[in-house]
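Required output: the full structure, derived from the provided sequences and hints.
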Amino acid sequence: MSSKSDQTPLAAVLEELVSVGFFLQHAVAGTIAQTIFFSAYGIFFALALYSIFRKGLKSRAAIIMLLVVVYLYVASAAQWAMNAWVTLTKIHGFLMVDIPFPDRAELAEAAILKVVGVQEAIFDFNMAVGDSVVVWRTWAVYQHRAQRRILVILVPGALLLLTFIFSVIDTACSNYDGAAPLPGICYEAGWIAWGLSAATNLTCTIFIGLKARQHRKITRPLGKPSRMSGEKALSILFDSGFIYSLLWLSQVISFFASAQIITLTSPAVYLWGVISAMGNQMAGFYPTLVIVIVNLRRTIWEEEEELTRPLRWTPNAKRSGMTDTFGSQRGDDTVFDITSDKTFVDASKHPRV
Numbered sequence: 006m007s008s009k010s011d012q013t014p015l016a017a018v019l020e021e022l023v024s025v026g027f028f029l030q031h032a033v034a035g036t037i038a039q040t041i042f043f044s045a046y047g048i049f050f051a052l053a054l055y056s057i058f059r060k061g062l063k064s065r066a067a068i069i070m071l072l073v074v075v076y077l078y079v080a081s082a083a084q085w086a087m088n089a090w091v092t093l094t095k096i097h098g099f100l101m102v103d104i105p106f107p108d109r110a111e112l113a114e115a116a117i118l119k120v121v122g123v124q125e126a127i128f129d130f131n132m133a134v135g136d137s138v139v140v141w142r143t144w145a146v147y148q149h150r151a152q153r154r155i156l157v158i159l160v161p162g163a164l165l166l167l168t169f170i171f172s173v174i175d176t177a178c179s180n181y182d183g184a185a186p187l188p189g190i191c192y193e194a195g196w197i198a199w200g201l202s203a204a205t206n207l208t209c210t211i212f213i214g215l216k217a218r219q220h221r222k223i224t225r226p227l228g229k230p231s232r233m234s235g236e237k238a239l240s241i242l243f244d245s246g247f248i249y250s251l252l253w254l255s256q257v258i259s260f261f262a263s264a265q266i267i268t269l270t271s272p273a274v275y276l277w278g279v280i281s282a283m284g285n286q287m288a289g290f291y292p293t294l295v296i297v298i299v300n301l302r303r304t305i306w307e308e309e310e311e312l313t314r315p316l317r318w319t320p321n322a323k324r325s326g327m328t329d330t331f332g333s334q335r336g337d338d339t340v341f342d343i344t345s346d347k348t349f350v351d352a353s354k355h356p357r358v
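Under our numbering, the residues of the sequence shown are numbered 6 to 358, in order.
Be a bit skeptical, because a hint or two may be false.
Said to hold, decoys possible - Derived CB-CB ranges, DEER-like:
#	residue 1	residue 2	range
1	Phe-247	Ala-89	28 to 34 Å
2	Phe-247	Leu-71	47 to 53 Å
3	Ala-185	Ile-155	39 to 45 Å
4	Pro-14	Trp-90	21 to 27 Å
5	Leu-112	Glu-20	16 to 22 Å
6	Gly-122	Ile-258	23 to 29 Å
7	Gln-148	Arg-221	16 to 22 Å
8	Leu-187	Leu-72	31 to 37 Å
9	Leu-19	Ala-115	23 to 29 Å
FYI, nobody ran anything at the bench for these hints, they're computed from the structure. What you are looking at is a predicted structure, and each value in this text was computed from that prediction instead of being measured. The C-beta atom is built at its ideal place from N, Cα and C for all residues, glycine as well.
Written as structure tokens, this is what we have:
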């Protein structure tokens, strides 16, 4: 007969069971949330593929775009699969192994650590690739303004470079298994990379918002409808970019909250689980959405192409009426070029246009 000192007190076991219950409940909730986000991502991935093949793989840019879209989705699928595996491993490690209960947490942690580094590496690289798509989108919007285009690429480009550097540091530290203590930057690199990524997206969103405002100023004197395809595209990009930046900032906030405030028994742990699950899919979801907007011909430059195409006036065969304007009475077509700023807007009143 074993002594009482050899037995784990029932109260302690019950306390551990409660903690394990909350722990597993949180893990399952996070997996369900990530499954929902991944399913929504799949819809936009299909739309992105449709839009790319609809335009055709006729250029190197189209091929690169296809590779980026496919990579981001495959990487997000890998993130989802590893997250599901981690959840199942937690359930198995805590409930289905034949070892003393206090040792089960250590066994589950050892199994989970095998994929944590890979998950972090995929997340960091997805973040850098996704931000590159957003920077490219902003740069393309300013294609007709060379000087402003330099500014538009320099500021987000610098933030993107810093994001990549800290992502590499975070990945290296997450996959380190040596005995020597890690440098202090390893504990800060993750949230710094997230913060820089949020700043990159917020900066690009501001630039797109400025372009939308400028575009509205130009098109109103032309008598065009207020909700043109280009304006709608810019509005969609601005609104979605602003929302995406806020959601990305929520990742940074949740990072600090999970370390300082949130506990397993707190109701906020479920919100944190949803935000964390969303972050794994968001890094690829938004860039894919941007590509869908671009490829479904809701782009600013396609409309500008129409606006910059000269208006050609054909002479009236009967030589009567207002159709003889702009020299058509000479018997040849006359081009009225509306590409000049003075044609539709007073440059002295709008020096930034």
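query: Of the numbered hints stated previously, which ones are contradicted by the structure, given in increasing order?
result: 2 and 4
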